[in-house]
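> Fit chain L to the given chain F structure using the hints.
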Amino acid sequence: MTWKQIFTSSVGKKITMGVTGLFLISFLLIHMGVNACIFKDLSFFDANDNGDMFNRAADFMGKTVVIRLMEVVLFLGFFVHIIQGFMLEASNRSKRKIGYAVNLGDKGSKWYSRSMGLLGTILLLFLMLHWWHFWIPSRFTHAGLENEVILSNGRVSHDMFALMKATFSEWWVVIVYVVACISLAYHLLHGFQSAFRTLGLSNSRYISLINAIGVGYSIIVPLIFALMPISMKLGWVG
Amino acid sequence: MEHKIINVKLKVWRQKNGNASGGFEMYDANDISTEMSFLEMFDVLNERLIKEGKDPIAFDHDCREGICGMCSMFINGRPHGPWQGTTTCQLHMRAFNDGDTVVVEPWRANAFPVLKDLMVDRSAFDRIIQAGGYISVNTGNAVDGNALPIEKDKADLAFANAACIGCGACVAACKNSSAMLFLSAKVSHLSLLPQGAPERKTRAINMIAQMDKEGFGACTNTGACEAVCPKEISITNIARLNQEYLLAGLTS
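First to last, the sequence lines map onto chains F and L. The first sequence runs 234 to 471 under our numbering. The second sequence runs 498 to 749 under our numbering.
Please note that a few of the clues may not be correct.
[Stated by the list, open to error] Pairs of lysine-lysine, DSBU-like flavour, derived with a Cα cap of 35 Å:
#: 1; chain 1: F; residue 1: 343; chain 2: L; residue 2: 613
#: 2; chain 1: F; residue 1: 343; chain 2: L; residue 2: 728
#: 3; chain 1: F; residue 1: 340; chain 2: L; residue 2: 728
#: 4; chain 1: L; residue 1: 508; chain 2: F; residue 2: 343
[Claimed, not checked] If you want the ones that stay clear, here's a sample from chain F, every Cβ over 12 Å from chain L, calculated:
#: 5; residue: 256
#: 6; residue: 259
#: 7; residue: 261
#: 8; residue: 268
#: 9; residue: 270
#: 10; residue: 355
#: 11; residue: 360
#: 12; residue: 364
#: 13; residue: 372
#: 14; residue: 383
#: 15; residue: 391
#: 16; residue: 402
#: 17; residue: 418
#: 18; residue: 448
#: 19; residue: 460
#: 20; residue: 467
These aren't lab readings, by the way, just hints derived from the structure by calculation. We put the CB at the ideal spot given by N, CA and C, even for glycine.
Excised from the complex, chain F in its bound form:
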């Protein structure tokens, strides 16, 4: 059996989706961890932080070689997950030329399990907006990042915190980000446990454990992400 045969079979394509999906899930946790540094500015912690902790974290992520290299792997992961996802969706849809007059619908499965292609497309559109808001300015154009700040560790860096504040000053941006977080939550609610099943986890004790962790992850991570634009708009942070 060749590698090509493995990865072009229906199970092989799903394995690709599962592996890249779990990789993206691990990335989300790091992304959330770094961004959650903005919450240091909450009056509960240190109202005078003004994004220093977040800017130090962003500076570290931007200037460390290993992380720069992982960024390339990350883009590869996104690319494979998105392309393979669209190809699978198209292929699966083509397997029933004549549909039913009365559909099984929710009698057999959850709507979000059946709508991974739609949720993924919403996330891709959001991702493009998100890159335009933050990734492209921070890597290339430096639009909105003209002012530099001196960090508490003595380093000089872009003020990413100020860029976040400026971006989330508009309601439509906040709403789009919250909708994206809700889509992400449902995408994860199916994807998290499905990835493990695809990779062959069949032990019922571990499946229960993964299901529980999956539900927790799918609620907590998107919720914390959604709180970022909301807290900036409402002035809790910044």
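Below, chain L alone, put in the same frame as chain F:
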């Protein structure tokens, strides 16, 4: 249970043959005993159609006791009708109320082409079994059952999977028309037992290859198959099949 006589309206898919384009037709099934099975109700309707000189509705059936896997109707949006863990032949008319309209469609999947009316060609399943759903043993005299010790839990699990009757409800219910629940039952049934060990790797690889060739879709773990399976085969078997496939792919 209370016995009633009911009248139902049937909206049935009619199609002359595989090349013809079909459509729905309405029928009245009157004076139906609630103790009749769904197929018996069709028998009554067909008797009437024959008397009227019309073409009776073609449907698959054989044992009518829920074990052969021939009956295959998609009733009101669910394979084998509204009851859990039941084949169409074991579905009784007490599941319906007087005056109900019941929509009956054939299984829909490119891999299961319609032959006539409610009959579909499920020989794709036979070819998947031929690709690896067997064990090779030189049969001679029957071996004593105790000669090969098997862990009770595994024997029970293999038996639960052997209960798959290959009716195709999993494919009919799946949004991707995937046959993975069927394959996973067949693969699990054999690979859990020592007799299935010698061909374990080639079985998973060859059966999946045949499934892809037949035009079934990929599994996305939605769980619709498990919800409608008349033998209540668990979706966990699909994870076991994935594991078998991955290990076979990496080590063979």
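> Does the structure keep residue 343 of chain F and residue 728 of chain L at a Cα separation of 35 Å or less?
21 Å, holds
> So is residue 460 of chain F really clear of chain L, every C-beta pair being over 12 Å apart?
30 Å, holds
> With 12 Å as the threshold, tell me whether residue 256 of chain F passes as away from chain L on beta-carbon distances.
Holds, since 17 Å exceeds 12 Å.
> Per the stated criterion, does the least C-beta distance between residue 467 of chain F and chain L lie above 12 Å, as a non-interface residue requires?
At about 38 Å from chain L, residue 467 of chain F clears the 12 Å cut-off, so the statement holds.
> Holds or violated: is the Cβ of residue 270 of chain F farther than 12 Å from all Cβ atoms of chain L?
Check passes; 35 Å lies beyond 12 Å.
> Find the nearest Cβ of chain L to the Cβ of residue 418 of chain F and say whether that gap is larger than 12 Å.
Since the minimum Cβ distance to chain L is about 18 Å, residue 418 of chain F lies beyond 12 Å and the statement holds.
> Decide, holds or violated, for the assertion that all CB atoms of chain L are farther than 12 Å from the CB of residue 268 of chain F.
30 Å, holds
> Does the no-contact call for residue 364 of chain F survive, Cβ to all of chain L over 12 Å?
27 Å, holds
> Compare the distance between the alpha carbons of residue 508 of chain L and residue 343 of chain F with 35 Å, and conclude whether the hinted pair is satisfied.
27 Å, holds
> Is the claim that residue 261 of chain F lies outside the interface with chain L correct, judged by CB distances over 12 Å?
Residue 261 of chain F is indeed farther than 12 Å from all Cβ atoms of chain L, at 20 Å.
> Below or equal to 35 Å on CA atoms is what counts here, so check residue 340 of chain F against residue 728 of chain L.
17 Å, holds
> Quick one: work out the minimum CB distance from residue 383 of chain F to chain L and report holds if it exceeds 12 Å, violated otherwise.
The claim stands: residue 383 of chain F keeps its Cβ more than 12 Å from every Cβ of chain L (closest is about 51 Å).
Consistency with the previously given hints is maintained throughout, with no hint failing.
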